[in-house]
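Participant: First to last, the protein sequences are chains X and Y.
The first sequence maps to residues 0 to 480 in numbering that gives the first Met the number 0.
The second sequence maps to residues 0 to 480 in numbering that gives the first Met the number 0.
Treat the hints with care, as some may be off.
For chains that are exact copies, the list does not tell them apart, and a pair is met inside one copy or across any two.
Capping the alpha-carbon separation at 25 Å, the derived lysine-lysine pairs in PhoX-like fashion look like this [to be verified]:
hint	residue 1	residue 2
1	K41	K322
2	K176	K232
3	K322	K416
4	K416	K441
5	K176	K322
6	K467	K232
7	K69	K41
I should point out that these hints are in silico values taken from the structure, not numbers from a laboratory.
Values in this document were obtained by computation on a predicted structure and should not be read as measured data.
Number of protein chains: 2
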Amino acid sequence: MPAEKSFHMTPDEFRRHGHAVVDWIADYHSRVESFPVLSQVKPGQIRASLPASPPAQGEPFETLLKDVEKLILPGVTHWQSPNFFAYFPCNASGPGILGDLLSSGLGVQGMLWSTSPACTELETHVLDWLVPMLGLPEKFLSSGTGGGVIQDTASSAALCALLAARERATNYTSNQKGCDGRIVAYASTQTHSSLQKAAMIAGIGVENLRLIEVDKNFAMRPDALARQIEADKRAGLVPCFVCATVGTTSSNAMDPIAEIARVGREHNLWLHVDAAMSGTAALCPEFRHLQNGSELADSYTFNPHKWMFTNFDCNCFWVADRKALIQTLSILPEYLRNQATESGAVIDYRDWHIQLGRRFRSLKLWFVIRHYGVEGLQHHIRRHVQLAQTFAHWVREDENFELAAPVALNLVCFRHKGGDAANQTIMDRLNRSGDLFLTHTKLNGNLTLRLCMGQTNTEARHVERAWKRICEEAERLTAAA
Amino acid sequence: MPAEKSFHMTPDEFRRHGHAVVDWIADYHSRVESFPVLSQVKPGQIRASLPASPPAQGEPFETLLKDVEKLILPGVTHWQSPNFFAYFPCNASGPGILGDLLSSGLGVQGMLWSTSPACTELETHVLDWLVPMLGLPEKFLSSGTGGGVIQDTASSAALCALLAARERATNYTSNQKGCDGRIVAYASTQTHSSLQKAAMIAGIGVENLRLIEVDKNFAMRPDALARQIEADKRAGLVPCFVCATVGTTSSNAMDPIAEIARVGREHNLWLHVDAAMSGTAALCPEFRHLQNGSELADSYTFNPHKWMFTNFDCNCFWVADRKALIQTLSILPEYLRNQATESGAVIDYRDWHIQLGRRFRSLKLWFVIRHYGVEGLQHHIRRHVQLAQTFAHWVREDENFELAAPVALNLVCFRHKGGDAANQTIMDRLNRSGDLFLTHTKLNGNLTLRLCMGQTNTEARHVERAWKRICEEAERLTAAA
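Just chain X, same shape as in the assembly (with noise of 0.2 Å):
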């Protein structure tokens, strides 16, 4: 063969390029403080600053490394800033990102066990040691008759909860012939809005999502769903799916998993749990209790990827039988048939989630635990609730704030009395300073904000910090009026 361009970066290339990338995201994170928080960019701004066409010619690398400086930085909004407060948090750590990159050099695709039994095979052990870690039932070990899976985020563990509990309901002829239209499923009105993008897609349909009225502290209701489904059967409806969260997105409510546990069971409905937001904190024993009641529970997610330090997409999704979950989204065409699979003696994870293909994910959650162990994990958790704690207490203090929803963890709700005007007017400021990033919802109708801890790297300071920030914008309100 005559030697031609090659065009691939080689090793020794891609090792020097690597050793720069590697020494920008440190750089990154050392200087990540001096950023706005929220991207400042305008609609457009960025595209505007791209070229029009692709190159023809490929471009050297360490082009493309400034121009990630230059052109896609300043449309940054940093999650990964100690002083992100908004949302949920959405956390990156070393062992996380190295464990990802191991991940990407691999390459494997672990559609088949056989397509790289070491991604299967760690998954499955990975997420058996975070059943005694969270405190969660045997009955979800891959020992029994469960097992647990790698999501890439909750909406997909909440479709696959949905839709195993659709085709039990039915017998599993929905996934054969087709929905009927009758099938009915519940959740808070609290609940996060994936369980209504979950009944849109499964063709149960939005209105078929009951949302059941919350109590005072944004909890369900147990009362209200025994009502509602007591109703549902007498119009001929079929009832299957029950929702309970622990931690909504909007003020981290706790649901009452056990009673809603108790009627759901008296109807036959699937008990699903959703820890997305705050699951991690079960890996502290004293936070537990919120969680009580997951041990009736027929599937089970929290993410990793939002405050477990591993980066995103590394949702965690259990089942307590996993042949429910199988039977509902099984396809086994002749190109993926293989002899491990016919043997009956392994996992095949495409079978357990919506897409075929699957990455090693596990890869980076393995990391992260064993990086931290059990103990540095629990650290920060309880360094996270304390700092919380202490923001909720100033905001108790403060004869201009309120809390609008009790603080079980690491959200904390909170208004400035003055009315919605004055809480959007903060918050606008406040994101538009840069100086930190925080969000807001509606409780009860009132716009109340959201301050939410959680990333890595937040410390007192930053909290104090923040403190200060909001106290400042008040004043100059009130200074204003």
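Since the structure of chain X is provided, determine the placement of chain Y on it from the hints.
Facilitator: Here is chain Y on its own, set in the frame of chain X:
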């Protein structure tokens, strides 16, 4: 604050460990040919080497990396080996890996434009770049009524297309009120299994996905499609969707898109073009005729993570009418409301797919296109197609083997003339030898070997050796007979 043990990896530690991981990956790619391509472990073997419980205290990073080498690597099937000819390529490349590393390092969650404008705008921009790169119609550009989005896999893209079709056909009521069991969709018997899975998930039911018969080249027969649609309409059903495939997974068959489109238009069907397997070939003008008719499609998808050197996961999905997709999937809870979204001036990609959360996937795609340039990418596609055609020539010339399907691009379906058992034995022995990895399919009921060309580093010498090994195993069979 008193100094305390942080447990976090500091930026300096990250730099050091990151260099070590980059070096490990560079070394891995240098020695990848030394491993058996298909992992030779037994079920449970990897798990048996892992400790039963997670560590209470953190471990040194060096230990983690050593364990990847010692415990994980034996369980890896080497998709990045140039001797990997199974299924389809799932390519990694230097720029792809490093773009993904930056995504992990930045750790942004791009669910909304405002949560990182660059994450959204770079994605829109690169997907606009790809429209002329692939010779796709202008209607898929974001400047018109359409636009592109990165999905995780073609399975998710197919599901989104089917959902949008379901909604358009039912006047956007199915996502509200649920399916009614009368909706039907169409694909060929050779269509990827993800379409069946999508029909199950979407509440349409796999029985309502009509698998249309194919011609002698395994391409859908438009006349059979027309007959089936008419029969379904007569039966009072609601046809909504047809999928045409550019390169089926089984045999790389090419559906006649233009004729399928003509039939579909008569009945107002949503036409989805699934070019997951072979769309990358359209980078070369001489191969674009294979997707003639795509200008009539409502949606189109292809996988840069297969044959375009962009590591998993990266699927590109375009729609001609983005409003149909958004109306199908949009949910807007209060805690995600923001000024940019309300202005209508920005794209919020969370309404373009199943999940809410999303990582900064466009970085790796941008890096790949810029590193190779359009000409570099074309070079490798032409090279792979040429290698496949050469291999097909050898098969054709050999009296013991025959081709089992046309070789349109980079997949060769062939068989030993000795029948199914002979082919199974040849395949099993080759795969157990570790020298190469190839898989099978069934065509006209006959077990058929598939040799798929397209791994980043596959060169003529690897293909020559593969053919030599195949002939050796064939001779061994003949000698034993």
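Participant: For every hint, state whether the structure bears it out.
Facilitator: Hints and how they fare:
Taking the shortest Cα distances, K41 and K322 sit within 25 Å of each other only across copies (23 Å), while inside one copy they are farther apart (49 Å). In this assembly of identical chains, K176 and K232 lie within 25 Å of each other by CA distance both inside one copy and across copies; the values are 22 Å within and 17 Å between. Taking the shortest Cα distances, K322 and K416 never come within 25 Å of each other, neither inside one copy (53 Å) nor across copies (40 Å). With identical chains, the CA atoms of K416 and K441 are at most 25 Å apart within one copy only, with a shortest distance of 14 Å there and 70 Å across copies.
When the C-alpha separation of K176 and K322 is checked against a cutoff of 25 Å, the pair qualifies only within one copy, where the shortest distance is 20 Å, while the shortest distance between copies is 29 Å. In this assembly of identical chains, K467 and K232 lie within 25 Å of each other by CA distance neither inside one copy nor across copies; the values are 54 Å within and 67 Å between. Taking the shortest alpha-carbon separations for K69 and K41, only the intra-copy value of 16 Å comes in at or below 25 Å, while the best inter-copy value is 50 Å.
In terms of the numbered hints stated before, the structure departs from hints 3, 6, listed from lowest to highest.
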